[in-house]
Every structure is written in structure tokens, then in C-alpha cells.
Amino acid sequence: MKLPEAAGLLLATIARLITGAQGHWLGAPPKAEQRIYFANHQSHFDWVLIWAALPRDLRSATRPIAARDYWTSTPLKHWITREIFNAVYVSRERSADEDPLEPLMEALRHGDSLVIFPEGTRGNKGDPASFKAGLFHLAEAFPEVQLIPAWIDNVQRVMPKGEVVPVPILCSVTFGAPITVAPGEDKRVFLDRARSAVIALRSAS
Amino acid sequence: MGSLRNLTISEQIGLLFVVLFGLLLVVTIIAFTRTLRDRSEAELAGHEQFKRDLRAVWVGAVLFWLAWVSGAFVSTLLFGVISFLALREFVTLTHTVRGDHRSLLLAFFIVLPAQYVIVATRQFDLFTVFIPVYVFLAIPVISAFGNDPKRFLERTAKIQWGIMVCVYGMSHAPALLLLDLPDYANRGAFLVLYLVAVVAVAQIVQEVASRRLRARPVARAISRSFSWRAWCAGAFAAALCGGLLYWAMPFKPWEAVMLGLTAGGSGTLGEFVMKALKRDAGVRSWGGKASVTGAVGLLDRVAPLCFAAPVFFHSVRWYFGV
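Those protein sequence lines, which keep their order, are chains A and B. Sequential numbering of the first sequence, starting at 1, is according to my numbering. Sequential numbering of the second sequence, starting at 1001, is according to my numbering.
Since the hints were derived computationally from the structure, they do not count as laboratory data. The reader is advised that the hints may include incorrect statements.
[What the hints assert, rightly or not] Here's a subset of chain A near chain B, in silico, CB distances under 7 angstroms, partners left out: (1) Pro-160; (2) Glu-163; (3) Val-165; (4) Val-167; (5) Pro-168; (6) Ile-169; (7) Leu-170.
By construction, the Cβ of each residue, glycine as well, lies at the ideal position given by its N, Cα and C atoms.
Between the sequences and the hints, there should be enough to build the whole structure, so can you do that?
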């Protein structure tokens, strides 16, 4: 076993010890198919939780999105995101000739699964904010990739904004049934539907 | 039973584990043969519950055996981990807020390890006062720094209670292992086994009695099954069980009976208190919320032990003057 793999295993074990990281697969079984998981975003811990809730052999092919300027700023951050999580880097500043979704498309063409948080930023309380358009464009470009909604429960109590050490509290990730873009569906309509699919899992869980 | 008392330590240990695992095996085989028959829906549900309990007992017995084989250090560690998992479950189901974050960190990462280190180093005087005195004064201070006056007393009390039950109560089990009684060196595990056995017997007998007796519940809003008659049945069964185990204990027969009564009775009272806490949190069983949080109902299983262990420990210490 190489160092990144061992570090990943250790990290997943710690995440499980602290949060339980229970995955509940209500809509679709965990399978090695190409998927885009989209979830509510409340804490920096969200990605680790989803990742630890996945079965071990799916973890290496499931990639997070990381902001390039922040996650490559120090060698350690760069190493963690590159070697352990195999993150897809995106730049936050938009240059004129570059499509911000291009790195994601590249990863999907490559056959990898992605985890995205379509709210774009961490929400505080209550319902998730309205979704950004990226999810819609990815879904249109790759109609064969399954879109799986996920609801992350309780994680804001583990690590509230501004704190660095997590408190051990049990959390769960509920995965729902895949959704697809209907032919000719409006962008806004689809995004609202995707958002309600995520919210619906809160009561289901 | 006098002849049993004259056996060497290793023979007694061997005998106890043979009896323990033998009983479990017999019960498991009977339970398995009963699944082969046709049953009604309700019976099946009851049987599922029984199977889950039986599995928990198996896990407990194997863990206990491992702890015994590997010595005091590992068993202290083992109880520490159980403590951690129980406290995690407790905190999940009580509504903590942002301002509690630092107090919770203190509870999980400083108080809990410190308490078990104190146990492992056998500083029993400090062990007895560390949580009830120092930690109980420190927690509200840290909480107050959280800068949130809303329901301050209630929140602080909840955290203190979680620590009291899950850490303080639980840590008395390894403390029994390490207690040096006169003429009873290296046999602390018997005390733990005695405690676990009498508490389990009290629980089971009370459960069965409350189903059969149909007595008036003491506090209907908290538990429909808890009645004084059922409680007495449980406590007396525990006393009997304690008496039967006297040959492996440093006690005289009637002392073993009295300690069984005390430990068994306080264990089932602890279970009753836990029911009140659960009602307050709005769940029927700690495990019932499993689908949301992944809680496994560990707290349900260990709560009676957490109540009985301190009572038993201090009775023994007081009685023997150690």
C-alpha cells in the first residue's frame, strides 16, 4: 500500500470514528457506474463525509472539485487534494476564453464520477440556497451519467463555521434515486427540481 | 459450592468462561431451532428483537473475554472506546448548539482520556472527584465563554449529564478490574463479570416480569412497563444470581447477595432514568433514530451498567476499606 492510499484509509477511519459516516442508499445501490452526486453544502467536512460513506472501491474513482488558488497554495494542501482525493481543480476567477466547467467535463470524459455542491457556497441554516447552472450544463453534456441527489444530515453540528476541531456527533448521508433532464426542459425548472430532490431526502432519512 | 472456592484462579476463570459461553450457545441453539417453525407476524417481530439482543450479548461476552486475555491495559482502552461511542450517541440526540462546541471538545478529547488515564494509573481518590468536582466546574466556564446565554443552564446540564453517565459511570467498570482487594489480587475481572451478570439478570427478569405481572406502572408518562413489583423481581433475581456466584468472589455468601441486590436494583433504575431522558429527546429507543444518525443503540445497552458500576464500586470500596 502506498502512502496516499494509507493516508486516505486513515482519514476515512477518523471520519467514521467521529461522525459514523453512515451512507443510506434509498434510491440507487452503490455501484461502480459513472455518476454525479450532488448534495447540500453546510461545512468543510461535507466532502470527507460523502467520501467516507462511499464503499472503499468506489472512492478512488469519485472525485471532488477544489478551488485551485486555495488548494494548491501550500505543498500539503496540494498533496492532500491531488494524491488522496484526486481532486478536479477549477479556478475561481473567470478568464474570457476559458469555460469554468471544462476541467469537470474533462474528468467526465475520462470516465470518473464527481461530487458537486451546486449551491456554490456553504449555507448556514434551513433549506439549501438555489442551485447554480453548472449541474444543468453537465447533465446536458453527459446525458448517460447518472445524477444522484444526496442529503447530508447533522454535519453543521460537527464543525460549525469558524471552528477547526470536529466534535464527535453521528451524521448520515442519504442517497436518492437518479434524476435526468427531460427533453427540452428549462434550465431553471430542472435546477429547482434537482434542489427539491435533495430536500426531499431530508424527510426520507 | 465450597469446593468451587478452593479451585485455583485459572481453574475458576476457565470454569466461568465455559459456563458463560456454554449458556450462550444453548440459548442460541434453542433460538435457532425456534426460527424453523411457522410463526405469526407479532411473534416474528419479538423474535427479531430477541435475536438482536442475543447478538449484543455475544459481542459483549467475546469482548469481555478478549479484555480478560489481554490484560488490564487493553480492557481499560476497550471501556474507553465504548465510553466514547456512548457519549457520541448521547450528544447526537441532545440538541447542542454552536456555543457548546468548546465544552463538547473538552468532554470528548480531554475529560474522557484523562479519566481513563487516571483509572489506568489507579489513582482512585482523584478518580472519584475528578469529574464530579473539577469537570463540573470547568464545563460551565467553557460554555459561558461560548457567548450564548440562551438556555444556558439546560445546555450545560445536558453536557454534564452525558459526561456523568457515559464517562464517569462507565469508567467504574475498568476501575473494578484494577481494584486491589485484600487476598484477591489479579481477579478484578471476576468483579466486572459479577457486575455485568447481576445487572443483565436484573434487566431480563424485570422485562419478563413487567410483561407477565401487569402491575400498575409507577410513572405512566415515562414508562408503561416500569412497576415496583417488576423492579423487585429484577432486583431479587440479581441478588440470587449474585449469591450463586459467591464462590468466585471475595465476599461471604450474604454479602454477595446484598451486593447483587444493590447493583441489580440500581442498574434497572438507571434504565428507567434513561427512558425519561429518551422521552425528553423525543425518541423511543436510542437505536430507533438509527436511520437518521446511524446510532446503533449502544447507549441502551450500557446505561444500566453505567448506573450500577459506581454504586457497586463504592459499596465494595467502602465495605473493604480500600
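How about Leu-170 (chain A): closest beta carbon in chain B under 7 angstroms, or not?
This hint holds: Leu-170 (chain A) lies near chain B, its Cβ roughly 4 angstroms from the closest one there, short of 7 angstroms.
Hint status (Cβ of Ile-169 (chain A) to nearest Cβ of chain B, threshold 7 angstroms)
Since chain B brings a Cβ to about 5 angstroms from Ile-169 (chain A), closer than 7 angstroms, the hint holds.
Hinted contact Pro-168 (chain A) with chain B - closest CB pair below 7 angstroms
holds (4 angstroms)
Status of the Val-165 (chain A) interface restraint (C-beta, 7 angstroms, chain B)
At 6 angstroms from the nearest chain B Cβ, Val-165 (chain A) passes the 7 angstroms test, so the hint holds.
Would the hint on Pro-160 (chain A) stand, with a C-beta cut-off of 7 angstroms toward chain B?
Result: holds, 5 angstroms to nearest chain B Cβ.
How about Glu-163 (chain A): closest beta carbon in chain B under 7 angstroms, or not?
holds (5 angstroms)
Chain B contact restraint on Val-167 (chain A) - CB to CB distance below 7 angstroms
Holds - the Cβ of Val-167 (chain A) comes within 7 angstroms of chain B, reaching about 4 angstroms at its closest.
This entry satisfies every hint, going by the numbered hints stated previously.
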